[in-house]
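S.K.: The lines below spell out each chain.
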Amino acid sequence: MCQSSRPLTSAPSVIGQSAPRADALTKVTGEERYATDYYPENHLWAGIKRAAYPHARITSIDISQAKGMVGVVAVLTSKDVQGSNRLGIFEKDQPILADGIVRHYGEAVALVTAETKEILKQALAAIVVEYEPLAAVFDPQAAMSKESVILHPGRADGNVLLSDEISCGRGVEALADCEFTAEVSIEVNWQDHAFLETEAGVAWLEADGTIAMIASTQTPFRDRLELAEALKIPPTKFRVMAPYLGGAFGGKDGITVQGFLALAALHAGGRAVKMWYEREEHFLAGTKRHPAIMKYKLGCDQQGMLQALDCSILMDTGAYSAMGGEVLELAMEHAGGPYCIPNTRIKGAVVYTNNPIASAFRGFGVPQVAAGIEQAVDELAKTAGFDLLQFRLKNAVRRGSVTPTGVLLTQTVGLSECLKKVADHRLWRERELWQNSAPAFKRRGVGLAACYHAVGFGPVIPDYANAKLELAADGHIRVFAGVSDMGQGNAATYMQIVGHILFQGYDNMEIVLPDTACTLPSCSSSASRTTFTYGNAITGAADILKERILARALLLFSFQLLEQLNVQDLVLLPGRIVHQPSGREVPLQLIAGFMDESERIATYSYTCPVNKQVLPTGKKLRHHGYPHRVFSYAVQLVRLQVDTLTGEIEVCDLLNCIEAGSVLNPQVFEQQIQGGAAQGIGYALFEDFALKEGKIRTNDFSTYILPTAMDIPNMETVVVPLAEDDGPYGMKGAGEISIDGILSAIANGVAAIIGTRITQGTLTGEKILLALRQAGKEAVR
Amino acid sequence: MRVKFMLNGKQTIVDAPADRRVVDLLREDFGLIGVKECCGAGECGACTILVNGTSRLSCLMLAAQLEGVEVTTIEGVAPEGSFAIVQQAFIDCGAVQCGFCTPGMVLAVLDLLQRNPQPSSEEIREGLSGNLCRCTGYQKIVEAVQVAAALLKGRRA
Amino acid sequence: MEVLFPRTLEELKELFVTYPDGRIIAGGTDLLVQLRKHGNKPSALFSVEHLEQLQHVEEKETEIFIGAGVTHQQLWELPIIKNYFPVLHDAVAVLGSPPIRHSGTLGGNLCTASPAGDTLPPLYVLGAKIAISGKTGKRCVPIAEFIQGPGCTMLEQGEFVTGIQIPLPAPQAFSAYYKVGKRKALAIAIASLAVMLEVNPDETVKNIKLAWGSVGPTVMVLPEVEAFLKGKVLSDEILSQAGKMASLGVKPIDDIRASAEYRQCLTANLLLRICRD
Ligand SMILES: Cc1cc2nc3c(=O)[nH]c(=O)nc-3n(C[C@H](O)[C@H](O)[C@H](O)COP(=O)(O)OP(=O)(O)OC[C@H]3O[C@@H](n4cnc5c(N)ncnc54)[C@H](O)[C@@H]3O)c2cc1C
Ligand code: FES
Ligand code: FES
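Chains A, B and C supply the protein sequences, listed in that same order. Here the first sequence is numbered in our numbering, starting from 1 and rising by one per residue. Here the second sequence is numbered in our numbering, starting from 782 and rising by one per residue. Here the third sequence is numbered in our numbering, starting from 939 and rising by one per residue.
Careful, some of the hints might be misleading.
As the list claims (entries may be wrong) - Straight-line distance between alpha carbons at most 20 angstroms, and here's what the computed PhoX-like set of lysine-lysine pairs gives: (1) A:K620 to A:K347; (2) C:K951 to C:K1073; (3) A:K117 to C:K979; (4) C:K1073 to A:K767; (5) A:K121 to C:K979; (6) A:K79 to A:K67; (7) C:K979 to A:K777; (8) C:K975 to A:K117; (9) C:K979 to A:K695; (10) C:K1122 to A:K442; (11) A:K121 to C:K951.
Rather than coming from a laboratory, the hints here were simulated on the basis of the structure. The structure presented is a predicted model; accordingly, all values stated were derived computationally and were not measured.
Isolated chain A (complex conformation):
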């Protein structure tokens, strides 16, 4: 637990030290302005008319009544879009406003701007859209069949967005030689990001024709490119600003409201427009985590060494591709878990359906496959008679190992250390005591999972960052963050790195949040790479600036002391520089005065090294990221208690043992670990997302159940801090690894308690009670 109380300070930042975040103060006083908090003068409200069918041809849109209403400024449809009207990263398949066909419930059909929210609502209701319903497909397996209706005609593979196969060694044949085998079939559910700040932004047209916007986005720079093409306006004619985000987790990785905002601003007569989804609209329009159907067959030899894996993964990406291909890639690359399995075949496909759109969500396909492989590993270890932890340890990848997808691990690998720490931990050692201490009508058990998570974008898409740093004229250090801070605290970490190198505290530093007009292009806030990549870039920039400051100071001191000085004798201190031998000091402000602007600004460009392996299979996955180079590792353990009368389940203890390189700021690191694990608990037990024929039934917070403070246990985080050469100060990404193993650990714990597995969807009390009943354990005292 943390102690002491002191003002948010100015002590110089140090890498490795637990320090409060620079952004915490303005957030706790309520002063911080999020995208939702901008109300430009005289602004309009923009809103969307959404489709009432999961798949239909639009036969007519009658906007006349809405257009005629007092207080309505514009009613726009796809006809008003000048460009391609297509958004997307790899596959540009999603219209800003539907042109002809709608492919999911709630797809945007028309855009209205109005003076007030009330008029906006009335105008939206007054738009009459006529549809000719089309056959629709909601089941990903059905979507693959020849008979299925096709969502995007003209594609070579029908509804299949991407499919491929990875195989290593002798492939599936080796299963026949295994002494023991285990099979599991697992279906995991959708998950909604449910960030608290729903999609929002404001936009306006500047005098020079630039469309400026402040939006809650993880991807300000990429958004410009997407918008440029869809609206046929040069990217430089957009200015995107990303203030702190009120949560995102992947759900703001790409365009949400930005397309509407830009279009609305173009038709607002110079007035600003504001858009802010209500919670229900967020559910309807926002992306989700991909559900997956997985089949696993895993085999080992007599000694318990894993020998063969055959698995298939089918993901549903909904109506549009979004990041479907990349999510499938990451899922497939991690499908075999962090184990040495010489012979494998991993088949994967991601398909279009008329369901909501699935895309990036913390974990990015890995929590799904972890649920497959980790349950298969538990089953196999039990069948073969091995201890669940020792079995994992025996087969764990090490540095220099090759993963089940053929990836050679050249960088740090801390899985064995994590497993050993957990093996020695009280929660594991005392597992039998726990099991045997259940009160009346309760059952207790322990569940375990091991996982890994790739950092970055893989070999093809450059994972780059351009850092910029300024010694301001007044002696302040200005840190330009080119990557959004969606709540994970990367902005504060950039300051910490700069403060560490330049020996400054927060009080002498200031952060400039992403703004395409003044921060430099960098990739998105995603893929466990945000701090990893930008951290490297900002380190480079800080080194350059330091050198320049010292060089200038050296001249100054030389004049003052009238002798030849050595740069080694100078030390940067908060706000000043000291010449140690003489004890003389000059303030940074003075130095700044002697520097030209071009010298006061240091920039540094960094691109992550990649894995150069040329792998024989999975060719189509390559530009989606296969193979990766750096991975973080985790072992997660849960202690569970199930009520045999009601099936209610409680996570009583949770242990996260994490190897994600060195830790720059333990407090921020723990925040990531605890937050991810809590989302994992939600995913496993509470967030029982439900669809009916493409329509979301859990479309508000009374039906989509997020865990409250009473549903999440105290967690313990144990760190294995291996130093990673690629990462700044030895770090690796820690943003996603903590969500990866929770569902699998809980599922394994539940199986240990009940004796059978619940293989479909969220592990609700209802399913648990039913399983208890089938196992003859219902209402057992």
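For chain A, the structure is supplied; the task is to place chains B and C with the ligands on it using the hints.
M.R.: Only chains B and C with the ligands this time, still in chain A's reference frame:
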């Protein structure tokens, strides 16, 4: 209609439709953007304000209901006293991530500590159960409340 | 929508005449959520916040009167509720969340008449009576009559609830409320059970009242189960038998929160908690 009430310590008179939601009134008319909206339906606590010292949800209140009451938003909590301690504890303990739940959470904590100055960790979790947080997993928030409670106790002693 | 603040019962009655489609708003935690969803706004809301007569709690010799406008938080804090009506105390403790309990009222919970309303099963087993007032005068009816169906009460246009009368239970009576929701707080009941139990010195059941929430169109009361248990010594075995009867007697539905089948299981199993406690 004219509504007269105390807003963050100041006597305030505002002309607003009687059925205007208090969250809209505070954010749009008074610029108090520390009052967040996240669900509009009572489920998340982001819009929490204190009404006569008690935590209430401004998305489920109408302007007319403010007549004669004292409203405190995060902007109006006295920058010294227990707020300063709770606030500092949130910062020190790392209870703030994206921060969107934070203003509502802090006000819920003030209400809780006023009712129960020495809450157990279960009581803290219970007391904050109307405020969802998607980022932190709550643990550091619970720690912050424990730290603040201990400091406040020290003060009273 | 106008929002008006009657100070007396008379004023409130008048308002119903002036605005025939007007509706009472107490804490607003149901009403405003409903209006957001369905939008058919009445011309006026009558806030009972300042209506003194609805805010008070009165302890009489054999009963207690709770004003309809008393909030769940106030109720929870009252020593008399904690000491004499643990079943009600338990129920308001798990209703919604702290801010919901600060606003929401007993009258509002009652008049919403949701089968999942947490105070309803306790009021059934406590034998509560509802005090109604309106232009035609006053009446007082047992809760089972007052609640007529999901979202449906016997209130007629212009009528309202002034309060709830509950007889004081026998001093040694045991009472409890068991709720199953989808999480530990902010959870609408999937199934719930209120129990009021008196046992004889020989441990046989002298008197038992049971009421289930969320397993039928309204709160479910099953006299045959109560009759079965009367005179018996409670054990897991006996309660399981009672549970079997009960699960046949209730009329649950499938909804977004749970299946009818699950609710049936819970109907039976929650009875076993009595013995545990
Ligand atoms: C997030 C959230 C969680 C919730 N959780 C729960 C829960 O766990 N359990 C539960 O039972 N409920 C829950 N509720 C529902 C609600 O909070 C309760 O039913 C509460 O008791 C309603 O009281 P109120 O004073 O707010 O009612 P209001 O919303 O003010 O009124 C509800 C209805 O009753 C009428 N009414 C009110 N008072 C009177 C009166 N004196 N005479 C005649 N009619 C009257 C109103 O006209 C209206 O139709 C929840 C609601 C929310 C928003
Ligand atoms: S916005 Fe008011 S409770 Fe969610
Ligand atoms: S800090 Fe983001 S929701 Fe709580």
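S.K.: It remains to establish, for every hint, whether it holds in the given structure.
M.R.: Results for each hint:
Restraint check for K620 of chain A and K347 of chain A: the C-alpha separation of about 12 angstroms stays at or below 20 angstroms, so the hint holds. The suggested pairing of K951 of chain C with K1073 of chain C holds, with an alpha-carbon distance near 6 angstroms, which does not exceed 20 angstroms. Straight-line distance between C-alpha atoms of K117 of chain A and K979 of chain C comes to about 16 angstroms, which keeps the hinted pair within the 20 angstroms bound. For the suggested pair K1073 of chain C and K767 of chain A, the alpha carbons sit about 51 angstroms apart, so the restraint of at most 20 angstroms is broken.
With a CA separation close to 15 angstroms, the supplied pair K121 of chain A and K979 of chain C stays within the 20 angstroms bound. Pair hint K79 of chain A plus K67 of chain A holds up; C-alpha atoms about 15 angstroms apart against a cutoff of 20 angstroms. With a C-alpha separation of about 50 angstroms, the suggested pairing of K979 of chain C with K777 of chain A is violated against the 20 angstroms cut-off. Taking the CA atoms of K975 of chain C and K117 of chain A, the gap is about 16 angstroms. The hint holds against a cut of 20 angstroms.
Proximity of K979 of chain C to K695 of chain A is assessed by CA-CA distance (about 27 angstroms); at most 20 angstroms being required, the pair is judged violated. Between K1122 of chain C and K442 of chain A the alpha-carbon distance is near 16 angstroms, which keeps this suggested pair within the 20 angstroms criterion. Between K121 of chain A and K951 of chain C the alpha-carbon distance is near 34 angstroms, which puts this suggested pair outside the 20 angstroms criterion.
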